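*Asks:* Top to bottom, those sequences are chains V and A.
If you're matching positions, the first sequence starts at 1 in my numbering and goes up one per residue.
If you're matching positions, the second sequence starts at 1 in my numbering and goes up one per residue.
If you are wondering where the hints come from, they were derived from the structure by calculation, not from laboratory data.
Just to be clear, a hint being listed does not mean it is correct.
Repeated chains share a single entry, so a pair holds when one copy, or any two copies, can fit it.
Claimed, not checked - Listed below are the simulated EDC-like cross-link pairs for lysine to aspartate or glutamate, each with C-alpha atoms no more than 20 Å apart in a straight line:
#1 K176 with D155
#2 K170 with E152
#3 K170 with E47
#4 K170 with D158
#5 K66 with E265
This structure is a prediction, so every number in the text was calculated from the model and none was measured.
2 protein chains.
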Amino acid sequence: MAQPIGIFDSGLGGLTVVRAIRRRLPAESVVYFGDTARVPYGIKSGETVARFAAEDCEFLCRYQPKFIVVACNTASATALPLLSRRFRQPMLGVIEPGARAVQAVWNGRPIGVIATEATISSGAYRRAILRRLPTAQVVEKACPLLVPLVEEGRDAADPIVRAVLAEYLKPLIEAKVGAVVLGCTHYPLLKDAIAAIMGRDVALVDSAETVAEEVAYCLTNYHLLETAGVGDSRFFVSDNPERFQTVGRRFLAEEIPSVERVTPEEFFGTPRRAPARVEEVL
Amino acid sequence: MAQPIGIFDSGLGGLTVVRAIRRRLPAESVVYFGDTARVPYGIKSGETVARFAAEDCEFLCRYQPKFIVVACNTASATALPLLSRRFRQPMLGVIEPGARAVQAVWNGRPIGVIATEATISSGAYRRAILRRLPTAQVVEKACPLLVPLVEEGRDAADPIVRAVLAEYLKPLIEAKVGAVVLGCTHYPLLKDAIAAIMGRDVALVDSAETVAEEVAYCLTNYHLLETAGVGDSRFFVSDNPERFQTVGRRFLAEEIPSVERVTPEEFFGTPRRAPARVEEVL
Numbered sequence: 001m002a003q004p005i006g007i008f009d010s011g012l013g014g015l016t017v018v019r020a021i022r023r024r025l026p027a028e029s030v031v032y033f034g035d036t037a038r039v040p041y042g043i044k045s046g047e048t049v050a051r052f053a054a055e056d057c058e059f060l061c062r063y064q065p066k067f068i069v070v071a072c073n074t075a076s077a078t079a080l081p082l083l084s085r086r087f088r089q090p091m092l093g094v095i096e097p098g099a100r101a102v103q104a105v106w107n108g109r110p111i112g113v114i115a116t117e118a119t120i121s122s123g124a125y126r127r128a129i130l131r132r133l134p135t136a137q138v139v140e141k142a143c144p145l146l147v148p149l150v151e152e153g154r155d156a157a158d159p160i161v162r163a164v165l166a167e168y169l170k171p172l173i174e175a176k177v178g179a180v181v182l183g184c185t186h187y188p189l190l191k192d193a194i195a196a197i198m199g200r201d202v203a204l205v206d207s208a209e210t211v212a213e214e215v216a217y218c219l220t221n222y223h224l225l226e227t228a229g230v231g232d233s234r235f236f237v238s239d240n241p242e243r244f245q246t247v248g249r250r251f252l253a254e255e256i257p258s259v260e261r262v263t264p265e266e267f268f269g270t271p272r273r274a275p276a277r278v279e280e281v282l
Numbered sequence: 001m002a003q004p005i006g007i008f009d010s011g012l013g014g015l016t017v018v019r020a021i022r023r024r025l026p027a028e029s030v031v032y033f034g035d036t037a038r039v040p041y042g043i044k045s046g047e048t049v050a051r052f053a054a055e056d057c058e059f060l061c062r063y064q065p066k067f068i069v070v071a072c073n074t075a076s077a078t079a080l081p082l083l084s085r086r087f088r089q090p091m092l093g094v095i096e097p098g099a100r101a102v103q104a105v106w107n108g109r110p111i112g113v114i115a116t117e118a119t120i121s122s123g124a125y126r127r128a129i130l131r132r133l134p135t136a137q138v139v140e141k142a143c144p145l146l147v148p149l150v151e152e153g154r155d156a157a158d159p160i161v162r163a164v165l166a167e168y169l170k171p172l173i174e175a176k177v178g179a180v181v182l183g184c185t186h187y188p189l190l191k192d193a194i195a196a197i198m199g200r201d202v203a204l205v206d207s208a209e210t211v212a213e214e215v216a217y218c219l220t221n222y223h224l225l226e227t228a229g230v231g232d233s234r235f236f237v238s239d240n241p242e243r244f245q246t247v248g249r250r251f252l253a254e255e256i257p258s259v260e261r262v263t264p265e266e267f268f269g270t271p272r273r274a275p276a277r278v279e280e281v282l
């Protein structure tokens with residue numbers, strides 16, 4: 001495997017980013033880590049998310065990535081400045097690409113942002129959008145149920161999904177937003193249902209494509225771009241590889257051939273104790 | 001503080017058990033730990049839950065508990081045999097008390113069990129019920145959305161809660177169950193909505209009262225019962241003490257005066273690194 005792009009998320013959501021990167025950059029190899037033992041991040045404090053995200057990056061660093069993508073909105077919103085100080089690789093989060101994508105479609109009407117509690121309360125999207133569009137009105141709404149709904153395997157056609165979305169999106173409809181930022185990597189899977197509620201003249205902004213474009217730009221800039229051949233992918237999780245494989249194929253839009261489980265001992269690098277099996281811990 | 005009863009859960013749910021124990025045994029002191037940095041347990045593998053539960057118990061052991069209550073159905077279902085081998089304190093989970101409670105109300109009709117994915121797939125309730133009632137028909141249904149719904153602060157009056165419950169409870173209604181075991185410590189907060197859907201002749205079995213009764217019995221048996229004075233309570237969490245305090249008062253049915261946050265270094269006992277602040281990790 002050539003020096004890969006390292007990508008991590010709290011769980012499955014980041015696979016929508018992997019999909020976009022693989023389409024845009026088929027020659028690149030990818031190493032993905034999903035922290036499924038500690039998912040979700042979106043209901044946890046910034047400090048805890050920063051700590052988990054640093055451990056996720058440390059794990060990826062074993063595979064000597066040339067570039068790291070923080071494919072988790074919550075970690076991007078709360079931990080990116082700290083991560084970029086600590087790790088030497090060039091690094092990209094998903095918030096700035098999201099703000100850039102919304103700038104491209106802005107029509108002067110208010111901009112809606114839907115995301116996890118932690119992302120919304122960080123104010124990261126609001127700041128990133130206002131830096132580009134200082135006169136824009138930003139309407140934010142935390143949507144804590146959407147991640148569990150998607151993780152349960154429900155899709156845009158599900159009546160519960162539609163009822164929950166109708167409730168969450170109400171303040172955005174009332175504010176007559178012209179665009180909605182899908183500020184969580186799980187949300188692209190509910191795009192059809194969100195579009196049905198918001199109407200045809202509201203643009204839905206999914207940062208995955210912009211992230212892929214930005215990764216291509218950065219790799220070119222750093223002379224790190226792979227141009228020939230077909231890249232390889234490896235997937236690691238901290239728990240439940242079978243579940244990741246089953247639910248993950250909807251996110252990746254293709255089969256995931258194999259998922260490797262990382263034990264806490266491997267994950268944390270320096271083992272606190274080094275038991276081979278859980279029975280020895282207990 | 002006299003030697004306390006140690007109680008842990010993945011998060012907030014175990015407070016319904018604390019409430020029942022405090023009412024039944026007001027002279028007892030309680031130390032509670034909620035693993036809010038890694039919540040929820042119900043979507044994770046048995047091995048990971050066992051590992052987390054062992055770490056939770058280890059933390060409680062610093063307060064020299066005379067008795068440990070595993071106030072988490074998922075941990076009770078997947079980790080109790082391992083925990084009871086590893087820790088010397090007498091220990092009680094919530095599954096056996098739940099099965100005992102359903103036995104007391106059984107009318108010959110099928111028995112419904114609603115719980116997290118991990119609890120249902122462990123088969124622990126089915127086994128515990130069939131051991132007592134070998135001819136009973138047990139209808140199990142995993143309800144992954146109920147924990148996030150309750151954690152978001154929604155209650156029985158919420159239309160989304162009612163829609164989700166109507167869907168989950170359908171197979172139990174079709175099977176004409178005579179009782180429903182609330183196999184997750186979060187579910188008692190949705191009791192009214194579940195009762196409205198199931199109808200008046202279906203008994204709802206909440207193990208919290210039975211757990212409190214069983215703790216009283218065990219403490220008497222071991223000559224550990226506190227009979228005079230008023231017990232003290234301390235609450236610890238691994239993340240988000242403010243959120244725990246705010247949402248937790250609905251579970252405890254009283255104010256939580258203070259919640260202490262435990263850092264991973266304190267929590268894991270032997271620090272891997274010993275930074276004072278997250279910036280030093282990063």
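*Asks:* Each hint needs a verdict: does it hold in this structure or not?
*Replies:* For each hint, the structure was consulted:
no. : hint           : verdict
1   : K176 with D155 : neither (25 Å within a copy, 29 Å between copies)
2   : K170 with E152 : between (24 Å within a copy, 18 Å between copies)
3   : K170 with E47  : neither (31 Å within a copy, 41 Å between copies)
4   : K170 with D158 : both (18 Å within a copy, 16 Å between copies)
5   : K66 with E265  : neither (25 Å within a copy, 31 Å between copies)
In summary, the numbered hints that this structure violates are 1, 3, 5.
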